[in-house]
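S.K.: Sequence:
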Amino acid sequence: MSQQVDNIQPSYPLFRTDEYKDNLANKREQYEERHPQEKIDEVFQWTTTAEYKELNFNREALTVNPAKACQPLGAVLCALGFEKTMPYVHGSQGCVAYFRTYFNRHFKEPIACVSDSMTEDAAVFGGQKNMFAGLENAKALYKPDMIAVSTTCMAEVIGDDLNAFINNAKKEGHIEQEFPTPFAHTPSFVGSHTTGWDNMFEGIARYFTLNFMEGKEVGANGKINFVPGFETYLGNFRVIHRMMKEMGVDYSLLSDPTEVLDTPADGQFRMYAGGTTMDEIKDAPNGIDTILLQPWQLEKTKKYVNTTWKHDVPKLNIPMGLEWTDQLLMKVAELSGKPIPKSLETERGRLVDMMTDSHAWLHGKKFALYGDADFAMGMTKFLLELGAEVTDVLVNHANKRWRKACEEVLAASPCGQNATVHIGKDLWHFRSLMFTNKPDFMIGNSYGKFIQRDTFYKGEADEVPLIRIGFPIFDRHHLHRMTTLGYEGAMYILTTLVNSVLEQLDKETKGMGTTDYNYDLVR
Numbered sequence: 000m001s002q003q004v005d006n007i008q009p010s011y012p013l014f015r016t017d018e019y020k021d022n023l024a025n026k027r028e029q030y031e032e033r034h035p036q037e038k039i040d041e042v043f044q045w046t047t048t049a050e051y052k053e054l055n056f057n058r059e060a061l062t063v064n065p066a067k068a069c070q071p072l073g074a075v076l077c078a079l080g081f082e083k084t085m086p087y088v089h090g091s092q093g094c095v096a097y098f099r100t101y102f103n104r105h106f107k108e109p110i111a112c113v114s115d116s117m118t119e120d121a122a123v124f125g126g127q128k129n130m131f132a133g134l135e136n137a138k139a140l141y142k143p144d145m146i147a148v149s150t151t152c153m154a155e156v157i158g159d160d161l162n163a164f165i166n167n168a169k170k171e172g173h174i175e176q177e178f179p180t181p182f183a184h185t186p187s188f189v190g191s192h193t194t195g196w197d198n199m200f201e202g203i204a205r206y207f208t209l210n211f212m213e214g215k216e217v218g219a220n221g222k223i224n225f226v227p228g229f230e231t232y233l234g235n236f237r238v239i240h241r242m243m244k245e246m247g248v249d250y251s252l253l254s255d256p257t258e259v260l261d262t263p264a265d266g267q268f269r270m271y272a273g274g275t276t277m278d279e280i281k282d283a284p285n286g287i288d289t290i291l292l293q294p295w296q297l298e299k300t301k302k303y304v305n306t307t308w309k310h311d312v313p314k315l316n317i318p319m320g321l322e323w324t325d326q327l328l329m330k331v332a333e334l335s336g337k338p339i340p341k342s343l344e345t346e347r348g349r350l351v352d353m354m355t356d357s358h359a360w361l362h363g364k365k366f367a368l369y370g371d372a373d374f375a376m377g378m379t380k381f382l383l384e385l386g387a388e389v390t391d392v393l394v395n396h397a398n399k400r401w402r403k404a405c406e407e408v409l410a411a412s413p414c415g416q417n418a419t420v421h422i423g424k425d426l427w428h429f430r431s432l433m434f435t436n437k438p439d440f441m442i443g444n445s446y447g448k449f450i451q452r453d454t455f456y457k458g459e460a461d462e463v464p465l466i467r468i469g470f471p472i473f474d475r476h477h478l479h480r481m482t483t484l485g486y487e488g489a490m491y492i493l494t495t496l497v498n499s500v501l502e503q504l505d506k507e508t509k510g511m512g513t514t515d516y517n518y519d520l521v522r
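Number 522 marks the last residue of the sequence shown (numbering that gives the first Met the number 0); no jumps.
Relax, there's no trap hidden among the hints.
Cut-off 27 Å, straight-line C-alpha distance, at most; resulting in silico cross-link-like pairs (DSSO-like, lysine-lysine):
1. Lys215 with Lys281
2. Lys244 with Lys330
3. Lys281 with Lys138
4. Lys169 with Lys281
5. Lys301 with Lys403
6. Lys281 with Lys170
7. Lys330 with Lys302
Computed spacing ranges between beta-carbons, pair by pair:
8. Pro12 with Leu140: 41 to 47 Å
9. Leu23 with Ala132: 43 to 49 Å
10. Lys302 with Phe449: 36 to 42 Å
11. Glu245 with Arg205: 29 to 35 Å
12. Glu119 with Asp265: 40 to 46 Å
13. Ala139 with Glu245: 42 to 48 Å
14. Glu245 with Glu135: 41 to 47 Å
15. Tyr518 with Arg33: 48 to 54 Å
What the hints contain is simulated information worked out from the structure, not anything from laboratory work. Think of the CB as a built atom: it goes at the ideal place given N, C-alpha and C, for glycine as much as any other residue.
Please take these sequences and the hints and turn them into a complete structure.
M.R.: In structure tokens, the structure reads:
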């Protein structure tokens, strides 16, 4: 046997031993009815051509790896950002298992979330009985201060009425009448994870403020509200806290899952940790204004905050890179009357120094990227600030207004003149773009590694390396703790980009006596 008890090997290199290679060959020969390798290679090569790309971009009624997740995933993340809140999904156990494991793999943390286990009978007769038992059991077992309810496809297809079900559960005594149970309808078959976050936040804000606006006055508490949107870089919550404290600004970060998604290993399990308090969300209408950190994904929230809280909601972009972080801090200074402190000016200067140091290595390098709408636009803007060229920007779940705005960002820079913005496209489209447009690097989440492997399979010269920035990051550890917003986040992104360029250069110039002719100890 290749696996020995005194020398345990992981799957690689274990599965490359002769024993396992023989097993695989026998399985293919006896059971797979596999096409000849020559035919497989022929079809593969065809999928890398411009002809195939044209056919690929004309396909309809088929999505291959859509570069998005479903609404309830975002609703769960939003709920996790509130103090002692249990995310509750009205639907099947399998859906919730997916949401929990998706976040498990990214954050490397246990994720608290429950479902009311709808099965075939609930799909026929409705899920009210499941809701009754589920709310009662969740409150009794896990003792939350709030249960935030969202839905899955099954509940939405049959038209379950969350408002009626929750009110009936309270009338029949399954939970107390005054127990906080905000809800949002989050059908998986429309929108995306960012839509789900937006819907859940609007549901929570509506629950705590819609019928309690009497006596509320804009600016009464002297605070600025920040709404993060679907955000999985925990450093981004922390950098907002830090910058506001350095400015001496009173603020509320509405939905902050930092602590519950980054608990210490000290022998104590924390089902709940940190988060925005109910008092903060109740008091939010009294704020000076509300700033949306990812405005393109928070359209429902913006409408509610604008019409119900009567906040102006300043028109800002995601604070990524230099200029857009400047804009955020200047707007905060304007709203609060507090000056931007010397510490943040110094931090900005360090970023400018870093950009100057690395400019020569990034200038003219070609990048393609995919991800959520705000992230993709912010990354595009920062790449242009660095002098890098953008070839393609792909967002599956963005609208035409976003595309126009992104095209305007690109048109304003000489480095964005040859870029194309793609909406409603998936990662199989992105794969075609990597073969035909041949950027130097792609930027995206872990799923891009399979595209990188495909480009490498065509030939080493065709490989497009992946730089992992985005969500989810399953195959690298601890990146979720990093920061992408503010000057600090720009420093992290810049460090990641330039060192990826240098790593690739070292990889391409390691031939002894052939490509090692530079004194490349110093870059």
